[in-house]
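*Asks:* Taken in order, these protein sequences are the chains called A and B.
Residue 1 is where the first sequence starts when you use the working numbering, and the numbers rise one by one after that.
Residue 1 is where the second sequence starts when you use the working numbering, and the numbers rise one by one after that.
No lab work stands behind these hints: they were computed from the structure.
Be aware that a few hints might be false.
Keeping only pairs whose Cα atoms sit at most 16 Å apart, straight-line, the calculated EDC-like set for lysine to aspartate or glutamate is [as the list claims (entries may be wrong)]:
# : chain 1 : residue 1 : chain 2 : residue 2
1 : A       : Lys37     : B       : Glu95
2 : A       : Lys21     : B       : Asp29
3 : A       : Lys21     : B       : Asp31
4 : A       : Lys2      : A       : Asp63
5 : A       : Lys2      : A       : Asp39
6 : B       : Lys99     : A       : Asp39
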Amino acid sequence: MKNRLRVLRAEREWSQAELAKRLGVSRQTVNAVENGKYDPSLPLAFGIARVFELTIEEIFEPDGSG
Amino acid sequence: MHANTDDRAQPSRSFLSFLSWGCSGDLSDRDRRALRLFNRWLLTWSFSVGAAMVLLAKDDLIATPVLRWTIALLPDLLGIFAVLSYVRFLRHADELMRKVHLEAIALGFGAGLVFVLGYRLATEIGAPPLDGAEPAAIMLLFAGLGQWLGMRRYR
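Bound conformation, chain A alone (with noise of 0.2 Å):
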């Protein structure tokens, strides 16, 4: 799954420890999702909609266009 986290992180001049804060996630946690290896679960895809201010599809898409 692609997502735009590093981009809209980096809009906003967090640092992964700090985006991992406002998560209640481990920084590898954040790592891993910016770089494609891992896909979070609802409750984290959620969160990362609520801190960013926007919602799922506008932060994560599918690799197929399923």
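Dock chain B against chain A, hints included.
*Replies:* Relative to the frame of chain A, chain B by itself:
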């Protein structure tokens, strides 16, 4: 556009992180407390198993059957507390860490099962019988390997 430079900063490695195979670098306070509790139970359990083995080996020192049974069973009780504290840690852990730990447990369990069943067949063709500790060692070894691989994969 670039994110802040501290993205690649590596958290300090404590003894606690060493005990959890290096994957507790930036734990939340709650995870850190839960992991610390688990590590304490694990150490207590391990120590009790070693102490019980030493004591039970001395037949003349502790001859009362009730006392011998108590010494033999006490480590099991401590082991149950260790397992429960690990389950509690997993239940509340950061979701990526939980995934890594669960995959590692699956690898350890699978390796232990393959080893036990495989060795059972090997005894049919002359392999010496096991004394019981080997499957546990295999499971621990592969669980540790799985955790190391998991942390590398998601690093």
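*Asks:* A separate judgement is required for each hint: does it hold in the structure or not?
*Replies:* Here is what the structure says about each hint:
no., hint, verdict
1, A:Lys37 - B:Glu95, "holds, 13 Å"
2, A:Lys21 - B:Asp29, "holds, 11 Å"
3, A:Lys21 - B:Asp31, "holds, 13 Å"
4, A:Lys2 - A:Asp63, "holds, 6 Å"
5, A:Lys2 - A:Asp39, "holds, 9 Å"
6, B:Lys99 - A:Asp39, "holds, 11 Å"
In this structure, every one of the numbered hints holds.
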